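In order, the protein sequences belong to chains A and B.
In terms of the working numbering, the first sequence has 96 at position 96, counting the first letter as 1, and numbering is strictly consecutive.
In terms of the working numbering, the second sequence has 188 at position 188, counting the first letter as 1, and numbering is strictly consecutive.
Where hints are given, some of them may not hold.
On the chain B side, residues computed to face chain A include the following (Cβ under 8 Å) [stated by the list, open to error]: (1) 79; (2) 88; (3) 241; (4) 245; (5) 247; (6) 249.
Straight-line C-alpha distance at most 25 Å; calculated PhoX-like pairs for lysine-lysine [said to hold, decoys possible]: (7) 77(B) / 78(A); (8) 132(B) / 83(A); (9) 44(B) / 78(A); (10) 31(A) / 83(A); (11) 31(A) / 91(B); (12) 212(B) / 227(B); (13) 31(A) / 158(B); (14) 109(A) / 44(B); (15) 172(B) / 158(B).
Keep in mind that the hints were calculated from the coordinates and are not lab data.
Here the structure is a predicted model, which is why all the values come from computation and not from measurement.
Where is the CB? At the ideal position from N, CA and C, for every residue including glycine.
Spelled out from the first residue to the last, the chains are:
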Amino acid sequence: MKAKVLALGVLLMAVPLFAHHGGASLYDMSKEVTLDATVTEYQWTNPHVEIGLDAKDNKGKVRHWIIEANSPPVMANKGWNRKSLQPGEVIKITFNPSQRGGSVGRFIKLVKADGKEMLRG
Amino acid sequence: MRNRLRWSAVWLLGILGFISGCSANKGGKPTSQVPDLSGIWLGKGIQSLSPADPMGHKRPGTEGDIPYTPWSIARMKAQRPATGPDQDFAKTTDPALRYADPDGYPRASIHPMRFKIVQTPDSIYQLWEYNKSWRQIALNRPHSEVPDISWFGESVGKWEGDTLVVDSIGFKDSTWLDPIGHPHTEDLHMIERIRRVDPETLVFNFTFDDPKAYAKPWNGELTFKLKTDGIMTETIYTISDELSFRQRFLNEKPTIPIRPSP
């Protein structure tokens, strides 16, 4: 799978859409990263849903990421549930990268293999 | 025959009236005579009760509509909320995040999560899916002589036309009114005016009266939309889940053992 990392210099309003947790103090809200990735883990958990994934970097090396989404009840209001993702699924995912570096991010949206788009709650 | 039918009808109406009277609380109006607030409600998930700055973009003291005292503005500037222009999630002093304290009220209604109103003749209950917490508003009775100091305070209410007016005291002073961190003391006296402005919309108007914290009473407002799918989920905020989150996302070493997976 060809990895594609796009660091977009799009200045986004740091609107605190989350009830709490990862906001502008943890993530760079001015950047978006988009990856073609394989889901390795999907935890419908508190305080926030977590998506684990593997994606190749520009040199073809597989890198593991953990992406923070929103709280289960907030995501449920947007149609998510505990079986919305399965390990092994191929997705295109977009997130804000960490301010501190490391392979973590704040979920924005994803597109499944069948073209279905899923948004942050 | 006609007389027998007439007396049967009178008797039936009498029985129905008796049953209706029994279902009404002696101190309150029957639920059929007051507006129906019951249902599942979902708010917008604001960050601040300041009507001028509901998403908490402005620094404390610049909102323009919060009459801080020197005590409360000093408190605001010393805090580290997890939202707003000075947010610092990693080192937050937000008691609901740092210690997994209950949100208290009205903050419990500020999450973008649902709550249910259950309405009876003598009490109205709010049931929040966040932390599965609840609050009772007792109708048509005075406050306790010596109210407890509690996370959600003591609330009594009465109907004024189509509006439920709720008087609350006895709030624990460690809670924040909202995620941005507006403080209060144990002397907080909160008045709510709750009205179903249309079948789909419930509006809570708040007046916060707390002389040590605010130079004069000030107002906030929360609006909720009706959800008709009947779904109430749960999210329980635990220290163990929070430490696990911080370990994974902030690379922090847990200060106490994290609950192991079974």
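Would the pair residue 44(B) and residue 78(A) pass a check requiring their Cα atoms to be no farther apart than 25 Å?
13 Å, holds
Holds or violated: residue 77(B) with residue 78(A), Cα cutoff 25 Å?
35 Å, violated
Once the shortest beta carbon distance from residue 249(B) to chain A is found, is it less than 8 Å?
5 Å, holds
Verify the interface restraint on residue 79(B): the C-beta must sit less than 8 Å from at least one C-beta of chain A.
At about 14 Å, which exceeds the 8 Å cut-off, the nearest Cβ of chain A leaves the hint on residue 79(B) violated.
For a C-alpha distance cap of 25 Å, please report whether residue 31(A) and residue 83(A) respect it.
29 Å, violated
When the least beta-carbon distance from residue 245(B) to chain A is tested against 8 Å, hint result:
Interface hint status for residue 245(B): holds (6 Å vs cutoff 8 Å).
Within a Cα-Cα threshold of 25 Å, do residue 172(B) and residue 158(B) meet the stated pairing?
Given pair residue 172(B), residue 158(B) holds - Cα atoms ~24 Å apart, limit 25 Å.
Restraint check for residue 212(B) with residue 227(B), where alpha carbons must lie at most 25 Å apart:
39 Å, violated
Hint check: is the beta carbon of residue 241(B) less than 8 Å from a beta carbon of chain A?
5 Å, holds
Under the criterion that the straight-line Cα-Cα distance not exceed 25 Å, is the pair residue 109(A), residue 44(B) satisfied?
The hint holds at about 20 Å.
Status of the hint placing residue 247(B) at chain A (closest C-beta pair under 8 Å):
11 Å, violated
Any CB of chain A closer than 8 Å to the CB of residue 88(B)?
Residue 88(B) check passes; min Cβ-Cβ to chain A is 5 Å, inside 8 Å.
Checked against the numbered hints above, the structure violates hints 1, 5, 7, 10, 12 and 13; every other hint is satisfied.
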